[in-house]
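One line per chain: the protein sequences are L and D, in this order.
The working numbering applies: residue 518 is where the first sequence begins, and numbers increase by one.
The working numbering applies: residue 518 is where the second sequence begins, and numbers increase by one.
It does not matter which identical chain is used: a pair holds within one copy or between any two.
Only pairs whose alpha carbons sit at most 30 Å apart, straight line, appear in this in silico DSSO-like list of lysine-lysine:
{"no.": "1", "residue 1": "545", "residue 2": "923"}
{"no.": "2", "residue 1": "933", "residue 2": "544"}
{"no.": "3", "residue 1": "544", "residue 2": "588"}
{"no.": "4", "residue 1": "925", "residue 2": "545"}
Hint data in this document are derived by calculation from the structure and do not stem from the laboratory.
The model shown is predicted, which means the values in this text are computed figures rather than measured ones.
Number of protein chains: 2
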Amino acid sequence: MFKLRARIIDLETGSLPIVTINESFAKKNDIHGMERVEISCDHAKIVAVVNISEKMLNEDEIGLFEETWKKLKIKEGEIVNVVPVGKPESTKYIRKKMDREELFDEEIKQIVKDIVDEKLTDVELVAFVSSAYMNGMTLAETTALTKYIVETGGKLNLKKKPILDKHCIGGVAGNRTTMVLVPIVASLGFTIPKTSSRSITSPAGTADTMEVLANVSFSIEELQDIVKKVGGCIVWGGAINLAAADDKLIKVRHPLSLDPEGMMLASIVAKKLAVGATHVIFDLPIGEEAKLKYIGEARHLEREFKSLTNNFGMKMDTVITDGSSPIGRGIGPLLEARDVLWLLRKDKKGPNDLKEKVTMLTGKLLELTGKYAPGTGKTIAEKQINNGAAYKKFMEIIEAQGGNPKIKPEDLIPGKYTLDYKAEKRGEITNMKNSVISKIARAAGCPATPEAGIYLYKNYGDNVKEGEKVFTVYAQSERNIDNVVKILKEMSPVTIE
Amino acid sequence: MFKLRARIIDLETGSLPIVTINESFAKKNDIHGMERVEISCDHAKIVAVVNISEKMLNEDEIGLFEETWKKLKIKEGEIVNVVPVGKPESTKYIRKKMDREELFDEEIKQIVKDIVDEKLTDVELVAFVSSAYMNGMTLAETTALTKYIVETGGKLNLKKKPILDKHCIGGVAGNRTTMVLVPIVASLGFTIPKTSSRSITSPAGTADTMEVLANVSFSIEELQDIVKKVGGCIVWGGAINLAAADDKLIKVRHPLSLDPEGMMLASIVAKKLAVGATHVIFDLPIGEEAKLKYIGEARHLEREFKSLTNNFGMKMDTVITDGSSPIGRGIGPLLEARDVLWLLRKDKKGPNDLKEKVTMLTGKLLELTGKYAPGTGKTIAEKQINNGAAYKKFMEIIEAQGGNPKIKPEDLIPGKYTLDYKAEKRGEITNMKNSVISKIARAAGCPATPEAGIYLYKNYGDNVKEGEKVFTVYAQSERNIDNVVKILKEMSPVTIE
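Assemble the whole structure, with the sequences as input and the hints as a guide.
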């Protein structure tokens, strides 16, 4: 054991606690970078990862980042005890997985526990993700991972059945089905506590779009109250931390763009289980630029979801949809929210492609509950829009989430700087690239600026005349419009033939 | 581009530059943790990895660690420009390797270049190491990795041929062959610029042991002068940074205990190429607790070394040796150095097992040059010890490395606190565990305290009487002796039958 003087570093590391020690002290005492030490004082102890500092610390000093000095409750200059400790047990199982052996249920449990307890370094987490990516995961492994992600996270406890849910694999611009599906389902008396994500690479996530109309960040308790009151919600999943282990895995998957299938499946199904979902519909869009490119990939994923959800007694159905071009007319948080309001208010500006898709999807989910005969769900869903029940329910949800239930589509004013994109020639639009549309919307300021985005007058399959407007770009600054112009010089969002 | 106010953080990160930015600023501007940004001011720019800080920074601030503010030459409060930038090209190739595709020569070149230029994060480096571990490396990949590790590192330029070298796979306590082999070889007029490692998990590395007698840290230029003058050297490889890329790979391999075979081969052969070696002997000890456990593993490695060195026109031979128990009598830097001096001075205390092994090894290396007929090398090596030429050369090397050429074995005084380990019964020593011997020597204070260690009176195969001394432990503090006692209560270093 060593006694070192604390040096307070006024920064947090955001993950596993880190301490910094002097290089020659480390060398003399055989402590290496990335190894673990237990730091203790009279009243507390903590395990931290060692960083080596060449010059900045004296040999008798230890640099403590915020997580460490706060937990130890110590001040600059106090003396702490430092003892090297071994690696957590789960590093052995990570190594086992790297050696292509299947992990037992208990071993995955230990890994998830150590992730949640912040005992694993990023380097070890990456090794785990890499091993799952390269060696794959068996159904038993994925099932265990799902189970322990749920067990170690928060849970919504609604004490009701059935609980309905929906998940979309994503990658399609403007695809705002959740904000229509949830009110329809809740208007029929079902419970649907929907959590959604924010945008990562798209112009808007469902949470970003809903945020234009209401709050989306709630605690688990607040969420339970909202759902008990109005039957449904549309909130940001990140705020309620339903799956802490999953968030930490995603943190290292993101910079490597690594998405091991087993982990993706576990991540999705765990979030459904955490809200208590009993009946779930999966939307699998396929298209050149969607996440799923070929029908075979969608069919494969469908089978995997079926096996995994079956292990948890969850009823599920999947819908394979066309993800080749944007859905709806608005792209960007405010413009997509306006589309949803128009649609639910039966305004003729409500986008028909979105209505078609969402009623089909909702219909399948309704049929899955067994309360409606096969083939009748879509009509039920349409009826709930047409009789105004879905609109009324949506306003109840907005009010329950602290928004203005009197909001009208015309209250939503898009960005004041605009740019019209016109057809260069006459013909039919044979391609509308999701990726370029997303790029333009992001250059215009999405998702940080909710008023930014694109409004499409034409879409895939439409005929255009030369000089006819295809879409308008909205932004809140001229600089954003300049950025859009630069992109349009380099790439074309539409093909006219 | 964003403009942020610099906040100086008086700590270095020791690797890729890191900057810290405010969480809500990051969210608004769609910058994620572990992504890269270019930071610039009037006179300099640098690429750094983003860390997200929840509370400690204002939205208009950026936290700069030492590497960053020093390179940018800026002070607290100055404004810097921040632009998100993409990942380096080599991340694509790392991903390709994870997808089980073979990498081209040019792709490995780019990876090594990006490693040396510190463009890759630890997370990306781990992904590369994991992929090599899990998917293996082809001979072409290993050859390319070796080539570019050498090209991007420093090189010894002795303008001479042949240049001899030796490598031992390791794992055997007390195995100090280098310090005998180098003087023999150099005394015959050959050039042998030997670089060695310090201890990582053993009681002493060759560099730690040589340091008892002379300096071991030199620049490349100093090393060239020493070798030109006396024909050989025994120095610490870490000080001359011959293979910068390799050091960075080892940094992430160590905490995971991951040793992908291709990377290990490349690492070893690159270090030989960096000193210009043309003839190399490989010592492959096998034993229950050595790095190689079975003869099959040694044979496999022998073939791999042969193929790889052949691609660089290097002549090589291997010797498979017994690594089941310690070699020599002293364990620990000072005690091992004393053994070597005794041996070269033809003192009867010189350990015979070390002499047998080293003359056999040296003989094979001498025969490899073609100057000596097969089967005659060992006799030549023995002659150089017996006629005092090797001892004389060793003193020349010690002097050239700034040590005292008049040093005698009796000047080397081991630790003043001792503990005798005695045989509990009469019989034959049928096992002497390297791992327990190493543990005891480290508990006694090795390698940080050179005077600490073990002196063996008996070894594997020897007969002992009840109560007879098997070994003495030396330490410089009573606390270290207490630690040894604790270990001896838990595990036994010898089996007597």
